[in-house]
Each structure stands twice: as structure tokens, then as C-alpha cells.
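**Q** Chain by chain, the residues run as shown.
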Amino acid sequence: NAGVTQTPKFRILKIGQSMTLQCAQDMNHNYMYWYRQDPGMGLKLIYYSVGAGITDKGEVPNGYNVSRSTTEDFPLRLELAAPSQTSVYFCASRLSNEQFFGPGTRLTVL
Amino acid sequence: DQQVKQNSPSLSVQEGRISILNCDYTNSMFDYFLWYKKYPAEGPTFLISISSIKDKNEDGRFTVFLNKSAKHLSLHIVPSQPGDSAVYFCAARDGSGAGSYQLTFGKGTKLSVIP
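Chains as they are written, first to last, in my numbering: chain A, 1 to 110; chain B, 1001 to 1115.
Don't take each hint at face value.
Estimated spans, in silico, between C-beta atoms of each pair [what the hints assert, rightly or not]: (1) 1012(B) <-> 27(A): 32 to 38 Å; (2) 1115(B) <-> 17(A): 41 to 47 Å; (3) 1039(B) <-> 30(A): 23 to 29 Å; (4) 70(A) <-> 1070(B): 43 to 49 Å; (5) 95(A) <-> 1002(B): 44 to 50 Å; (6) 1059(B) <-> 7(A): 30 to 36 Å.
Coverage of chain B stretches by chain A, computed from C-beta distances (three or more under 8 Å per stretch; other residues unrestricted) [said to hold, decoys possible]: (7) 1072–1083; (8) 1105–1115.
Think of the hints as simulated: they come from the structure by calculation, not from any bench. In this text, a Cβ means the ideal position worked out from N, Cα and C, and glycines have one as well.
Full structure from sequences and hints, please.
**A** See below:
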């Protein structure tokens, strides 16, 4: 099993550009999450999904969108990138009480 | 309003000694607590957890203690090894079911184990 995979690993965007961060898991987990981690801070929940076709907002959803068309994939969309979205983004899936994290995408918006 | 607080940003410990990482929380609805370990340029990995109905859970060199009345938990690593050097995050789950068991994370404590 590859676990939770994320692409790309790094990305630099210009203000106003858009992009999609990809996340996939091969563990057949229903629950998936997107977090962002700013320097010196803990992880903050952006969006989550309890299964294919069902998504909901977390603590910091503004400026992002998600979709969940399959159990495996949970992409995160940034429509109009802003410098405040410079962060490291982690995707996770959950089995029982434990969340499994991907390696992260480091995004810089200039 | 931080619901999960890790008040020590960093901790240095000699190899072979005990490392104690602390975490405080404010939300009484938290019913499950987890510790994650994170190396640079990697995602967090699960380390150990404890349910609110217990006061101690042990796994090898790692032990987590929970004091519900004080809303405090701690992670003990004995003996500490250089490979334990990482950032440790405390996380708590809201057991009320709201938000599908979202985790709330502390800011992390960077542990450095000195050989």
C-alpha cells in the first residue's frame, strides 16, 4: 500500500492564479481531511469528507474548494491564490481513531 | 482561542534520559487524545493515543498520561534516543460527533535529543 499520496511536493504560484492539490489514498478509508500548517503553528482543518460525494467545511475553508467523486481521491482547489495561502498542506485519511497523513505540499504564493 | 495548548515550543534532552512533553486542553467534549511525531519535510505519523476513560497508555518506550480533572496530558519517552528528535503534536478529538471526529492540534513541541 502506498498509503496517502500528495502531488505536487512543491509549488510556487503568482497571486490570482489557481491550482489543484491532489490527494489519493489506497486504504479504502471513507474519511479524508485537508489541513494546512503555517510556520510555528499546529495543523488547521480546511475541509473534510465522510465519503464519496459528501464534503464539509472545517475551521479555515475560505479560499478553498474540494470535491470527492471517488473514495480514493480528495483534491483541494485554490481558485484565486493569495499570499495568505502560503503554507504546507497535508491530506489525511482516517481509520477508526487514527488519521494517516500524506507527505505534504509546500505552496508559496508570491 | 486555542483549545489544545503545547506551551513549550522546544525541549532538549540528553540521550538515555526521560523526555516529557506536555499538553493542556480546554474543551470538555474531547474524548480521545493522540500524539503525532513529525520529521522535517514529512507528514505527521501517529505515535500513541489514549481514550478519556483511561489515565495511562503505554507502548514500548512511549507512555501517555491523562489527567482529566486538570485537562492535562503528557507524553513520556524513556529512554530518549537521537532518532526521537522531531516535532511532537498533541491532538484531541471532539467526541460529540460534530464535524465527524475532527482533530484539534496543538502547535507542537520540537524535541532535540542530544547524543
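**Q** Tell me if chain A covers the segment 1105–1115 of chain B under the three-residue, 8 Å CB rule, please?
**A** Since three or more residues must qualify, the claim that chain A covers the segment 1105–1115 of chain B holds, with 4 doing so at under 8 Å.
**Q** Starting from the range 41 to 47 Å, see whether the pair residue 1115(B) and residue 17(A) falls in it by beta-carbon distance.
**A** Since residue 1115(B) and residue 17(A) have Cβ atoms about 45 Å apart, the given range 41 to 47 Å holds.
**Q** Does the Cβ distance between residue 1012(B) and residue 27(A) fall inside 32 to 38 Å?
**A** For residue 1012(B) and residue 27(A) the Cβ distance comes to about 36 Å; the hint holds.
**Q** Residue 1059(B) and residue 7(A), beta-carbon distance inside 30 to 36 Å?
**A** holds, 32 Å
**Q** Measuring from beta carbon to beta carbon, are residue 1039(B) and residue 30(A) in 23 to 29 Å?
**A** Because 28 Å falls inside the window, the suggested range holds.
**Q** Taking the CB of residue 95(A) and the CB of residue 1002(B), does the distance hold inside 44 to 50 Å?
**A** The hinted range 44 to 50 Å is violated for residue 95(A) and residue 1002(B), with Cβ atoms some 27 Å apart.
**Q** Does the beta carbon distance between residue 70(A) and residue 1070(B) stay inside 43 to 49 Å, or does it fall outside?
**A** holds, 44 Å
**Q** Tell me whether the statement that chain A covers the segment 1072–1083 of chain B is true, taking a Cβ distance below 8 Å and needing three residues at minimum.
**A** violated (count 0)
Hint check: violations occur at hints 5 and 7; the rest are consistent with the structure.
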